[in-house]
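J.: In case you want the letters, here they are:
There are 2 protein chains.
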Amino acid sequence: MSTLQADARQYAALPSPFTLRRGGKLYGARLAYETWGHLNAQANNVILLYTGMSPGAHAASSAADPCPGWWEDMLGAGKPIDTQRWFVVCVNSLGSCKGSTGPASIMPTSESQPYRMDFPDLCVEDIAAANLALLAHLGIAQIEVAIGCSMGGMGVLAHAALAPGCAKHAVLVSSAAYAEPFAIGIRSLQRQMVLADPNFNSGKYASPTEVGGMGLARKLGVISYRSADEWRVRFSRQRVRNPSQQAFGTEFEVERYLQGHADRWTGSFDPCSYIYLSRAMDWFDLAEHGDGQSIETAYAKLKFQRALVLGVASDILFPLVQQQELARALSRAGTKVEFHAMPSLQGHDAFLVDMESFGPAIAHFLNSL
Amino acid sequence: MSTLQADARQYAALPSPFTLRRGGKLYGARLAYETWGHLNAQANNVILLYTGMSPGAHAASSAADPCPGWWEDMLGAGKPIDTQRWFVVCVNSLGSCKGSTGPASIMPTSESQPYRMDFPDLCVEDIAAANLALLAHLGIAQIEVAIGCSMGGMGVLAHAALAPGCAKHAVLVSSAAYAEPFAIGIRSLQRQMVLADPNFNSGKYASPTEVGGMGLARKLGVISYRSADEWRVRFSRQRVRNPSQQAFGTEFEVERYLQGHADRWTGSFDPCSYIYLSRAMDWFDLAEHGDGQSIETAYAKLKFQRALVLGVASDILFPLVQQQELARALSRAGTKVEFHAMPSLQGHDAFLVDMESFGPAIAHFLNSL
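Residue numbers (my numbering), protein chains in the order written: chain S, 723 to 1091; chain Z, 723 to 1091.
One thing to keep in mind: the hints can contain errors.
[What the hints assert, rightly or not] So the derived list for chain Z, only partly shown, Cβ under 7 Å to chain S, looks like this:
hint, residue
1, Leu761
2, Pro836
3, Pro842
4, Glu902
5, Leu911
6, Ala950
7, Arg954
8, Val955
9, Phe957
10, Phe970
11, Gly971
12, Phe974
13, Val976
14, Ile997
15, Ala1035
In case anyone wonders, no lab produced these hints; they're calculated from the structure. Note that the Cβ used here is the ideal one computed from N, Cα and C, for glycine as well.
Take these sequences, add in the hints, and give me the full structure.
T.: Have a look at this one:
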């Protein structure tokens, strides 16, 4: 008896060729996405959800896939993003490895060879352009709300820069209008940990599970996603019950926690997808859409009517000053902005775990529309 | 004609065997140290300086070694630590690789074989015990002020825990009474970057210059030593003039800056010294000196008359809350404490670079003694 993995993903072909911002072309590319709720007759209840770097389109469970999604407590009937009202579309970002075309996909010119390092340069704008193509495929001309978390917030800004007014409203969660040098430094080092792994082998790894550098990079990811304040309370100096006998092995609970994250990550995300998406974030700068003038010119293009901007004081990767700047700039550009600094201890990841703070803020904003 | 590298280091033999806190024994071990100023007749003008993890004993220039030291602007005639008044002793920590015995030293049982991974477990308390032995060697029974920066502050606390009252006063700069889980997480990952490098070869590296993992670890070090606030101003999104043509090569100034740090570090610090000292910091917990009772019991032992505690709000590695806790706990233990939160943007490293803030604070404290 065979068991089938539940899967709610749908697929949409992108125009072929699909030309990328830096000049590359993809042939026969596709996006994976999931939907919840129903498109109403006026087609004016659409929420488009841009994910952070690593999640796939499975934001929440559904009849087709009852597994909990990455924003399970945020999205569903009666939840803050209430699928009794909204038709929600969540897309696996172009370049990722969870159903959409990316460096792990087989090249159309080949029988079985994945792109890997031959994938063309990828920008956040390409992710947005692909999502715009998906909307066209779905026959949706305008969306009520574009929601983006972390990298996804960059995607929402790129979306509006490429198609001003397409998104009437925006929810930007722990995001940024451009990558700052501290975040660039962290991501640059993460990529090098992958590139330096002999098993990465210039992208010719036999299997993603062999690229141990991904585990190291993930540990730095988790360090940058959480906060010292959270870990002080959560781990203190607690020792593991059975410390490793290896030299410099795991002794502290915080080390075991990081190792667990590394183990779950390695093999589950494609190393090339990872470094391409990571670099795309570094490159992102809304100012590039300012017609050679200023970032204010770019903000003025976005044409959001209303926006909710959420940030967290303990976030070291997309720091609160970037959310404050987003809120101020959108407001100056004529958007009616609601801004909240969340009290969460969990740093950048708070939007995934501190539902008590993020749930009501997002519910309140959506209910006011 | 041969040129001689200027060198002001002096050496003191440690008692042999020198028994370490976790049971190991060192035979024929030594410390490298430098001094500035003159011991007065009453021998009551001694400052003992504990360094951070990486610096050597060369804190400042002198006639014997005119090269600038790591705290050049802090230490010298007429400087905040005024060598016209004070006799300053700075020690290269036991376990380091800048003249003192450590994992890079030749084992006494061998002709030419360094300890490397056969070095016994090293604790911050061993660094302090070695420094106490050095004081005995120098005929100094009591020191006026023990000054410690970063790991060095842990050393000062260990010093006082092992020899209560030996240091009359303390200056603790960007330090901590114990390692917190966030710092442990960062250091644990740094060690793994070294251990994962095939050229590390379980400590059997042909030369430290070959261990590229040290460069990666250093980059994370620099990331944790500085701050997003500093880099926002210093680098913004500035691109390098000649970007690398390699895939995922250096494009941003912040990447070039990190690469420069990595290049200068690799080969200049012994990989095994690095991971031993790194682990020593993780292990340090003043509470272990509380006779099985509490950390308050440990603080009560230290017997500092006065203390200056300095911290920086932008420090993510030894965060300000740890300096506040140090100040409060010392105060409760009967020490007259002066505490300052410095406004520096440079994070943990501020004490090395923001002399305008740190110089006057330290000068004022020392002048008040």
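J.: Could you run down the list of hints and mark each one as holding or not?
T.: Status of the hints after comparison with the structure:
no.: 1; hint: Leu761; result: violated (39 Å)
no.: 2; hint: Pro836; result: violated (16 Å)
no.: 3; hint: Pro842; result: violated (12 Å)
no.: 4; hint: Glu902; result: holds (6 Å)
no.: 5; hint: Leu911; result: holds (5 Å)
no.: 6; hint: Ala950; result: holds (4 Å)
no.: 7; hint: Arg954; result: holds (6 Å)
no.: 8; hint: Val955; result: violated (9 Å)
no.: 9; hint: Phe957; result: holds (4 Å)
no.: 10; hint: Phe970; result: holds (5 Å)
no.: 11; hint: Gly971; result: violated (10 Å)
no.: 12; hint: Phe974; result: holds (5 Å)
no.: 13; hint: Val976; result: holds (4 Å)
no.: 14; hint: Ile997; result: holds (6 Å)
no.: 15; hint: Ala1035; result: violated (12 Å)
The structure does not agree with the numbered hints 1, 2, 3, 8, 11 and 15 stated previously, though it agrees with the rest.
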